[in-house]
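S.K.: Here is what each chain is made of, one letter per residue.
There are 2 protein chains.
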Amino acid sequence: MTLKLHNFFRSSTSVRVRAALNLKGLEYDYIAYVLRKGETRTPAFKSLNPQSLVPALEREDGSVLTQSLAILEWLDETYPEPALLPQDPEGRARVRAVAYMIGCEIHPLNNLRVLGYLEKELGQSEETVANWFRHWVQETFKPLEQMLADSPYTGQFCHGDTPGLADLCLYAQVWNNRRFDISLEPFPTIRRIFEELDRIDAFASAAPPRQPDAV
Amino acid sequence: MTLKLHNFFRSSTSVRVRAALNLKGLEYDYIAYVLRKGETRTPAFKSLNPQSLVPALEREDGSVLTQSLAILEWLDETYPEPALLPQDPEGRARVRAVAYMIGCEIHPLNNLRVLGYLEKELGQSEETVANWFRHWVQETFKPLEQMLADSPYTGQFCHGDTPGLADLCLYAQVWNNRRFDISLEPFPTIRRIFEELDRIDAFASAAPPRQPDAV
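Residue numbers (our numbering), protein chains in the order written: chain A, 92 to 306; chain D, 92 to 306.
Treat the hints as calculated values from the structure; they're not laboratory data.
Watch out, some of these pointers could steer you wrong.
Copies of one chain are not kept apart here, so a pair can be met inside one copy or by any two copies together.
Said to hold, decoys possible - Below, simulated EDC-like cross-link-like pairs (lysine to aspartate or glutamate); rule was C-alpha separation at most 16 Å, straight line: (1) Lys137 x Glu236; (2) Lys137 x Asp241; (3) Lys137 x Glu230; (4) Lys137 x Asp120; (5) Lys211 x Glu149; (6) Lys233 x Asp167; (7) Lys211 x Glu181; (8) Lys128 x Asp304; (9) Lys115 x Glu130; (10) Lys233 x Glu286; (11) Lys115 x Asp304; (12) Lys95 x Glu287; (13) Lys115 x Glu172; (14) Lys233 x Glu276; (15) Lys128 x Glu276; (16) Lys128 x Asp292.
Chain A extracted, bound-state conformation:
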């Protein structure tokens, strides 16, 4: 079985999926797109994913999975070991809530097409766009830090001592933050977990600078 991952080295949602594929021990072909050059807006790419978004995971039968969080759930259901979610519904709800705090409250506001709209359609300066990015990270990292620091369920990672769905999102987001020099000093628990994850090869080898299309 060969999976093809249509993705981009710097894309934070691509980092999530690469690290999950690595954790599950799945080989995949790396197919790179340069977002700024509009390479996901071609008819060929749209026939894979009409949303023109990466990542998209193509299976051997030609079927294509889209939306990184849906791909992660599919991977976990199809290749259960090691599990990305705990067994108990309350633990699963906690892990998903952390994942969605990042996946729904930070990332959608800070991806390339949104920053581009602020710059081009609304004529905002580079500095205003950078402040926008930092604002939405901090709006969620503040309560996330508190939730992680206060919870008895937080362990070596976001939930216990096994990396999972929440960690995939956290790891990718911290990499994304580096583009805008966001200090992790006010977020010691997030920083500690990021550093733990960065010592795991499945995560570290999914990071942007390690990809074949990195510039």
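With chain A held as given, fit chain D onto it using these hints.
M.R.: Just chain D, lined up with the frame of chain A:
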């Protein structure tokens, strides 16, 4: 068992959870917050949800679930009938992808705090803010319409003939669009599914105008 739903009539993520509770036949206490008055920014509310966001689902033991998509998955795992997701991993991935197209690509860009930031921090006019809202709806509704119209898996609802996770998000989003007069004319499949859903009492009774705090 009494569940308490901390929510707001117009909140699109609250609509999703209300409709799911109704589908599952679960009673709940309705606790309303006026977002514009900052009622979710009080210390009392932050002790329930440090993110200051609705909806939050409080259980009888005092534990609190946050992030609407995590709440929906928890409801489905804890009260399996009727199911919000199909049984097969590919079907589940398709339903989740549709849900996340709305939950990750539209809603986060268009919620109150983001529109408020555009208006107050970036000094944008009411018209620019309305165009922003419409732009992000259309950016996703165009490929969503195509994906729903072209797929053999689309039935009476987004996936087959049983309403589920994707329909909860679609129904809530179409209600949300009404605040900005977005025509569904270019989106006939989305419109048809919305109209089907609106004939189901579990959905219709979750709609904003039917709530006790509706103004």
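S.K.: Take the hints in turn and mark each one as holding or not.
M.R.: Hints, verified against the model:
1. Lys137 x Glu236: between (38 Å within a copy, 14 Å between copies)
2. Lys137 x Asp241: between (44 Å within a copy, 13 Å between copies)
3. Lys137 x Glu230: Classified as between: cross-chain Cα gap 13 Å, same-chain 34 Å, threshold 16 Å.
4. Lys137 x Asp120: neither (19 Å within a copy, 45 Å between copies)
5. Lys211 x Glu149: Neither way: Lys211 and Glu149 sit 32 Å apart in one copy and 43 Å across, limit 16 Å.
6. Lys233 x Asp167: neither (29 Å within a copy, 29 Å between copies)
7. Lys211 x Glu181: Answer is neither; intra-copy 43 Å and inter-copy 38 Å both fail.
8. Lys128 x Asp304: Answer is within; shortest intra-copy Cα gap is 13 Å, inter-copy 48 Å.
9. Lys115 x Glu130: neither (29 Å within a copy, 43 Å between copies)
10. Lys233 x Glu286: Neither way: Lys233 and Glu286 sit 18 Å apart in one copy and 40 Å across, limit 16 Å.
11. Lys115 x Asp304: neither (23 Å within a copy, 47 Å between copies)
12. Lys95 x Glu287: Neither: 28 Å inside a chain and 37 Å across chains, both beyond 16 Å.
13. Lys115 x Glu172: So Lys115 and Glu172 pass the 16 Å test inside one copy only (6 Å; across, 31 Å).
14. Lys233 x Glu276: For Lys233 and Glu276, the Cα distance is within 16 Å only inside one copy (11 Å; across copies 41 Å).
15. Lys128 x Glu276: Neither: 35 Å inside a copy, 32 Å across copies.
16. Lys128 x Asp292: neither (31 Å within a copy, 47 Å between copies)
In summary, the numbered hints that this structure violates are 4, 5, 6, 7, 9, 10, 11, 12, 15 and 16.
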